[in-house]
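**Student:** Residue numbers (numbering that gives the first Met the number 0), protein chains in the order written: chain V, 0 to 342; chain E, 0 to 848.
To be clear, the hints were calculated from the coordinates, so they are not data collected in a lab.
Mixed in with the good hints, there may be bad ones.
[As the list claims (entries may be wrong)] Result set (DSS-like, lysine-lysine): computed pairs, CA atoms no more than 30 Å apart in a straight line:
| id | chain 1 | residue 1 | chain 2 | residue 2 |
| --- | --- | --- | --- | --- |
| 1 | V | Lys249 | V | Lys300 |
| 2 | V | Lys198 | E | Lys77 |
| 3 | E | Lys838 | V | Lys60 |
| 4 | E | Lys160 | V | Lys46 |
| 5 | V | Lys296 | E | Lys467 |
| 6 | E | Lys505 | V | Lys288 |
| 7 | E | Lys262 | V | Lys288 |
| 8 | V | Lys221 | E | Lys262 |
| 9 | E | Lys505 | E | Lys540 |
| 10 | V | Lys106 | E | Lys818 |
| 11 | V | Lys188 | V | Lys221 |
| 12 | V | Lys323 | E | Lys818 |
| 13 | V | Lys106 | E | Lys239 |
| 14 | E | Lys262 | V | Lys296 |
[Stated by the list, open to error] Cβ-to-Cβ under 8 Å is the rule here; a few derived chain V residues that face chain E:
| id | residue |
| --- | --- |
| 15 | Leu59 |
| 16 | Leu85 |
| 17 | Ser91 |
| 18 | Ser95 |
| 19 | Leu97 |
| 20 | Pro177 |
| 21 | Asp180 |
| 22 | Val225 |
| 23 | Val257 |
[To be verified] If you want the footprint, here are the derived chain V segments under chain E, 3+ residues with CB under 8 Å:
| id | region |
| --- | --- |
| 24 | 242-254 |
| 25 | 289-303 |
Nothing here was measured: the structure is a model prediction, and the numbers come from that model.
By construction, the Cβ of each residue, glycine as well, lies at the ideal position given by its N, Cα and C atoms.
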Amino acid sequence: MISPINSISGKNITFRSTQGEENNVEFDKDTLLENNFSTRSRIALDKFTKAFTIYPAKGLKGSKNSNFYEFLTMGTVPYFIGSAMLMSIFNSVNSSFLPNNWKSAAKLGNKMALGVLFYAVFKELSKSLVTYPVKWKTGIDTEIPYAKVNYLLQEDPEDYNSVTSIEYHKVGESVDFPRWDQLYGDTSKGEALNWRYDKIAKKNGLGENLNDSDQEVKPLYKEVLVKSKLAKSISSFLWAATGVALAFQKPWENYFNVATLKFWKVKDFAHSLKVFGESFVDSAVDLYKGEGSKLVKHSGKMLIGAAALSTVLGVLNTFHITKKPSKVTGEDVIDNKKESVVG
Amino acid sequence: MRTSNLIQSYISTHPASQQYQSDKAVREFDVHKELSNRTFIKPLPSNGKLIRTGVLDYPSQFRKDMIYNWNAFKHAAKGEANDHELGKLNDVGMKIGGLAIAAYLFTRKQTPMTKLFEFIGLGTFFAAMDLWPKLFIQLPAKLVHGVNVRQEYEDSFGRKKMFYQDHQFIPWDLYSEAEINKVGDRLGVPKDIPNRREFIQEKMRKIALQNNTLWMLTAGFATPLMSALMCNALESPVAKFLDQRATKQAENLLTNFQDEIAKVDFTESTKQLDSLLAEYAGKPITTDFVEALHANLTDGLDHMVAEGLSLDFDKMLPVENGKFNLSNEHIEGIQTSIRGLLEDSELSEAEIKSLIPTAEELSESLSSKGLLGGSYDDFSLHTKAIQDLLDSKISALAATDASGELGEYLDFLATKLVHAPGHGLDSPLMASFKVTPSVVLDDNLAKMLKSVSTELNSFKAKSYVLDKYAFMKAAQAPETSLANGWNEVQSILFKALKFTPEEVRKARLDGELASSVLRDKLETITADKATYEQFVDEIGKALNKLHERIQSLDMTQEAKHNTYKEKVEGVYDSIGATLKRFGLQHTAEQLVGYDGVSGLSSKSLALDFITDRVTGVKSSFYRFLNLADMFYKISHPESIHGILKDCPREVKEELVELAKVTMLEGHNSDFAVKFWQKRNPNPDMTDYSDLEVKLGKVINKYFGTHDSSEVVELANDRNYYKKVMRLLFGDNIHPDTMARISSSEHSFRTDFLEYRQRALNVFGNDKYFVRPNFLVDGHPVDASSWSKFLLMGSSPNEMFNKWANQSFNSGKWFNLFGKLGAGLIGVTLLAQFFFGRMKTPQPSQEVKA
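This is chain E alone, in the form it adopts within the complex (with noise of 0.2 Å):
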């Protein structure tokens, strides 16, 4: 007989336990009857639902939030939020607070990539915050157990929550019977154990429970370390993005020109301009005038384009600080002076006639002086000139007065007339001498500068378009075209060497290091036909990526092949032209050069800016492609037989190793000075045997076997210097070499080839007084440091160094946090093993009576 439930049985067979039905409640609703009915209180049928979205549902479910955090920062601005609600306002504050710690240092950063980084490196953290349960917890548990550990749920409200939030109060009622059994078939519960159900729903809060406190132990570990290893795989793809976005922008300068110009505002400095004009009209012009003019119109400009304007300014706005100009026009207000002085007195009309100097006197009594028809800055000769005419007009009326006191009378008056009347203050004789000031800002000088202004700002709204060209394409910083392609290569290039981390970290501590580990790895790899010829297949794919790159960067093609030259010289003759027409000549010779010579003009340096990084970052790369041509050649000695055939067997092996030395680790210095190297002064002359090489490294028979007292500088062996050059840059490149860089593909090839003859013509030219005749070719040239400079490029041992020091210290990063990483994620996954396990009840068995 099967057991009876008794609680069953006690609701069927009670009187007051009667069921009520509930569609009549409705209708004929009696509260005493609802009151007897003791069934009645019981909890409302649950409108909750599980949610099952997918990856799909991310946009819709996404939006559906954002309304309701939206709706829920309303309620609770009105103080009306539930718990829920609240909740989810706290995680909008922490992304808020994080987008503003990602906003403030995306100000701080410089460039593009650095500052893109501040909001990837938050979007990481918080998909790992996400990703890291569902990857590592939420996926392994489902695959191990078959339970979702983070089911969400939507309760009646339609508020989204974790299932297995609080595990005393879980709504196993969203589960179906069906549901709940397949999870139960899936974790081998048997079919016959009392209670099935709820040992399932036991079995599956267990293990919800120990991953959800696996999540908080792993996340702060997990969390960071997943965003940092995001940020880390996310570099690359970013770096390939942001380059080809600003190769793009760069070139949308040049193509819409004209648009770029006019975002370039000046209102600010015309206003200023006008307000400086205005300021000055008519008046004098002065020091402060001339100096705010030319930081008004030099603003923007260069150095010494601004020098040249001041030159011009010289010229064409002369200062004379307090001159002013004093003719016979100036007479008239001399007497009105004397006049005006003498008319408060009491003196008659006929004597004030008779005391004022006439205009010949006025006239004769300063032109005798040279004291008129000029400008002058100090009047007290010509004060001095009318006190004189004034004290003999004076004496004369004084004398007629027998008393002598009209005598007095006229001194004192004549005294107020050269006396100032305060501090600071001219008298009024002085100021009737100083009316015309000698230079002033007229209509017609203002209308120029007013011109000249225009015609400048349109000159640097075009020049500053070209500039931000020029700089977004190869100016000397990070994340610039060609900063980009030199990472780029130079990646390839030490890749393709495939450098153990072990050399890889002895290369970084020093150049003299880096150089003997490369040195290793060269003669290895040229030891080995297959091997160097892979290598150099790896070099000329990216020294032709290189090339592709730097073609808009030519500035050796024609004006009309190349749009940003053909601009620059466009805009600079233009302007050139133009103020020469003003008169600015200075201003122009420093804007395009003197006479078509364009030499150390802002015209030049536009172009020339480019030219020079280009020369630079290229010469680093074909330095190293010859350095590994001419490593395969001394493994393939049978190559330079040429070279050496002559030279005893030691000198054959001192050449070599200078030759290696150099190409490896020489500086602008060591070719400067034609070398340094302590040779044996006699070597064994009756051994011409060739050199012996062996896995690509030369085995000396007599190099370094001798003490350094006996080696000496042998300082004028010029064959020597001449073979080691050939060596170096003369001879053709290995036909090995050639035929893997002849294929119409590599378009650097010509270029590459160009490099190495300058580069013997202008080291192995190069004149040092010392050694005058070291010379290749017999003809000295005379070129710059800083084009000798660019053309060496950069030393393989330094770059190779650079490289082993950046590989290193990410490489540490990665082999401690990734190691940290994938124990972390080791660990997770394993524990799932240890999950969920509970002792099974026994079968039920069936109890017979």
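Same shape as in the complex, but just chain V (with noise of 0.2 Å):
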């Protein structure tokens, strides 16, 4: 007869993790969450730190549980490794070099290691210049997350400890199938069904008291989470760029010559944050006004203006919602007034 190459049969197992035992987790079930501060800052941590530890672990190791979420969240690592390495290739050996070879190097590298910082920052923030505005406007919050509990396998005879994990997704992670389950309210305290889409509907002019909100609301949730989507993929990079050219104008050697980050001396840490202000907003205006001629000293503006122009046409597009229901009713078709002959 066919055996399973691992079995678990003849065990006693469940499959469902409860505090206070041994496989000791936060979620039973797969949990939506409340999108705040703490709970992004806790969830990026918990997919930092993991994918530094737990996810390479199981990877190297070529565990049946790694999965595709594990090896995007690994993405982490790369882009880590990648904008330290970068730094490095552009600084690391600038300490050997002659005091003015040195000093010439070392305002490159800066400028290069604040871009890469700048790079990862304006890409992050300028997410949100899509993501507020399209919440304001249809009441959908494309980056709601849930926690998912993942059921494992097996990953030798002998272990039942680790039969659960966490993961992190978003609610409209996939526009495919985005988790529907998770917007539904919880019946059992009291909550309506439906009152995360009956809010949706009635921001967007649906109506109020629909019988059946979600239907209502999930191609209109879904249009909007396909288009803010490109608007981001779009325009979260050309920030990313406009970070990148900000970083290289002048003004910043201002702040590299008095950069510190020994918090602990407090005045000269308090001075270099001062500095760095300044750096900002001059190198801002700098990277805004130009120098030289013609397209060289606009090649700023184009490219803040670019940036810009994307964020605004993603998030114009994003509020053009062309999937909502019609409001046309049975009385519109059918006139009662009028003879008709069926049959």
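With the hints as a guide, bring both chains together as one complex.
**Tutor:** Right under this line is the structure:
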């Protein structure tokens, strides 16, 4: 007879982790989370830590439980190491140079390092320029997270400890399969089943007290997800480019002269922060104004303009919802006053 | 007996599980029948396929991907895209962002090379992202395990995906049994184990997962590193390509001279001039007008030419602010002005007539005081004269009125005549004087100025193209033809000297250390004939290349043999003659010189600029070759016997030392003061033995053995000076050196020998008032410090110091990151041998009943 490669038959296993048990986890079922700074930070830290520890360890062992989520989460590793490496390439040997060479190499190296940092910061922050207006206008939070409880396959016949793992996803992560179920209210807590859908329906003018607001809202929700993702994909990279361009402005050299991360030297650190602020403003002005002639002078403006335009167009396109249900009612279709022959 | 498959057995025996014939179903679809058929609910047959493309398919794949991305964008814009499409669009966004960065930084960079490398940097970064997993993960895994860990497949909807992307969903059905078994054989999986396919698949999955993880862990290090190393490797070919391109572009400037001139646009400037001339047409010429006109005409011309035009304008356009001509022609106007005032009064016509001075009276009154027939800017005396005249007339008329009222009334009227109606305005009388400004912009002058502008614009366009050519060829800027030539020769030169990393590290610190390292190296090389000859061959090749490169920049050639020179002379001479015709003598002289002597004119500047730059570069390398030759001669002292023979041994040692140091480190000032060296005033006059040289180094018997208090500067030893100069530049170069550079290929040889002769003449006969008799051939030569500077070139030790510094910096970087890259590759490759390890199940054994 056919024998499975790994057998768990005969073992009394429960595929549910409950608190207090050995496999102690925070969630025992897929749970919608509040989208606030605290949750986002916690999720980011959790994913970052695991990306550097558990997931590579599982991957290198060839674990059968490694999945696409873990692979994608591990994408942070090259991003992070690559950034550090890029900074290092332009800075790490400068100290061996003679003072003059070191000085000029450090100028470029520091700007490059700042550029790498600004790339990441601008890219992430600029997504809010799409997320928040969309949330404000449509009531749809495209970034709302949930914790997914993942049931694991047994790694070896003797291992009964790791039966679940927690993954952090977003409800709208997949536009093909959004987790609609996570948006339903918990009736056991007295919540209306469709309360989230009701709110979105109302916000978008579909009306109130709808019988099935979820069905009305889903196509619209999906459209907003797709369009906002497009807006973020294009605009965030253009803002990242703007960040790099900003980092390459001359006023930053003032900051590099006084830059320190030694926060315990309060005076120096405060001065460093002050100069950072000043350099930021001056650099932004320089980037906008530019120098030289014609195209060269206006290149900064064009870059900022392209980034801003991509955000505005992306957001406006998201606001333009085409999949609202028709407002035509039954009465509009069949005029009771008119005679009609059926059959 | 074989074990039976329970599922198969269930399906074949259960009545409700009878397989339904699908072709029948299409024809006679019966929903009840369908629902009763339990095997009906199964996945649709897959239309997916593994993608097996090679390098040759990249263009078509690229095209396909672009179309897919474009459609994805359209879908996403309408809100209809799927996850896969959105994922692709994210990649597109990343590339657009990358391009935006490169494009912005492109605009910030100055030279073609640095500009181009913004895009090359971006390209190599994306290439490294793609190549690292392909070359160091996929390929080794394929070679070691026979598994393609980056296999792609196209799903039923035509979407391209990684086969092992999601380990919880691997479409194994796309691999045929034969393919899986082939991989299994390669993996060494026994053929007779149970569930062989599943085992192989699990092994493939494991290998792929481990490799994907390895990819994630290494990509962060590898991508920037690979990109930087690729950029490093591309630097030289790209520089070569750009050099060739720039050379061609520069030559095209002269070949298509007329077309290039036509590209220079003066529309704006012409428009400005036209509007200026229109604004001032018929009006007096003011300082503002002249300044605006000067700025317009001299825009694009150098300062000296602008000065020349200023001088010409002073003569041609005299500015007399506020001056007006006053002659008999204006008398009537004065009368009219007085009449205008009186006509409004209650006076009779007869009374008015009696009050207005006659033309003769006015003329007489003004001319008697010298106030008529000239240009004036102050009319107070004129006013006074007219008032006096009018007062006498008023007095005469007032005498006829006994009441005296008329007199008062007339006085009141007369006051109105000289009273300004408002602040800053002229009184009616004053206004009657200011009718004809002394100088005005008339039609003829405007036409002439317009013609001058047209001629100057034509000249500016031509000189702009010529300047551009000169810049591209010889400017003191990176990536000009001459700069590229310098880099090329310098690189060959120091590479031929084969410095060790330690020597480079030391030499970069300062010029003195560089000098010591270079001296040791040259002494070693020149000690051995074969090594020296090999070195000279290398320099010879490099100098030949340089000589060919600067052939078109030789301004000593006749104009008919040099296009640039021909054009410069033609263009400048032509504008000079034209401007002289317009009476702009000073401007013409600044452009082409005075009376056939070009002197410091713009024309000579256009030619000398190139000559000077070329001289500086050539001198530096000729000096280096001369240095090597001199070291060789000292290493083989029989060749300098003629210079040293009548010197005591100690003087020989001093002389050779001075020559070596001077040639290695000397600057203009060292030659200008005829050298400075502390010597022993009382050398051993009994020892005339020859120099002792061992492995290129002079073994000093006396030099350096004295205390510093015993040595002094011997100010009057002019023979010693002459001998040093002979050793430096005087006597013939060594026959061995000559033999290596004498072939017809060595086009630079004559030039080099001339350089030595010129250096001997200029430096050796330079007049120094402290030592007027220190002259090589007794005839002082008066050369400018600039020409001596150019002839001196860069001192070899400083040239080496700079090169060593650059070489150390790039070597340091390469050393660190090259090692890091090699280590990373090593670890990545080695890891393959630890992947895919699984316990192989025992082969199945037939169970006998």
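**Student:** Run every hint past the structure and note whether it holds.
**Tutor:** Status of the hints after comparison with the structure:
1. V:Lys249 - V:Lys300: holds (16 Å)
2. V:Lys198 - E:Lys77: Holds, at about 24 Å.
3. E:Lys838 - V:Lys60: With a Cα-Cα distance of about 13 Å, the restraint between Lys838 (chain E) and Lys60 (chain V) holds, given a limit of 30 Å.
4. E:Lys160 - V:Lys46: This hinted pair holds, its Cα atoms lying about 24 Å apart.
5. V:Lys296 - E:Lys467: Given that 30 Å is the threshold and the Cα spacing comes to 22 Å, the pair holds.
6. E:Lys505 - V:Lys288: Violated: Lys505 (chain E) and Lys288 (chain V) sit about 45 Å apart, past 30 Å.
7. E:Lys262 - V:Lys288: holds (29 Å)
8. V:Lys221 - E:Lys262: Violated: Lys221 (chain V) and Lys262 (chain E) sit about 55 Å apart, past 30 Å.
9. E:Lys505 - E:Lys540: Cα-Cα ~28 Å, so holds.
10. V:Lys106 - E:Lys818: holds (25 Å)
11. V:Lys188 - V:Lys221: Given that 30 Å is the threshold and the Cα spacing comes to 27 Å, the pair holds.
12. V:Lys323 - E:Lys818: Distance of about 60 Å is beyond 30 Å: violated.
13. V:Lys106 - E:Lys239: holds (28 Å)
14. E:Lys262 - V:Lys296: Distance ~22 Å between Lys262 (chain E) and Lys296 (chain V) Cα, so the pair holds.
15. Leu59: holds (5 Å)
16. Leu85: Status holds, d = 4 Å.
17. Ser91: Holds - the Cβ of Ser91 (chain V) comes within 8 Å of chain E, reaching about 7 Å at its closest.
18. Ser95: Holds, about 5 Å.
19. Leu97: holds (6 Å)
20. Pro177: violated (10 Å)
21. Asp180: Cβ of Asp180 (chain V) sits 18 Å from chain E, so the hint is violated.
22. Val225: holds (5 Å)
23. Val257: With a closest approach of 24 Å, the Val257 (chain V) hint is violated.
24. 242-254: holds (count 3)
25. 289-303: holds (count 6)
This entry does not satisfy hints 6, 8, 12, 20, 21 and 23, going by the numbered hints stated previously.
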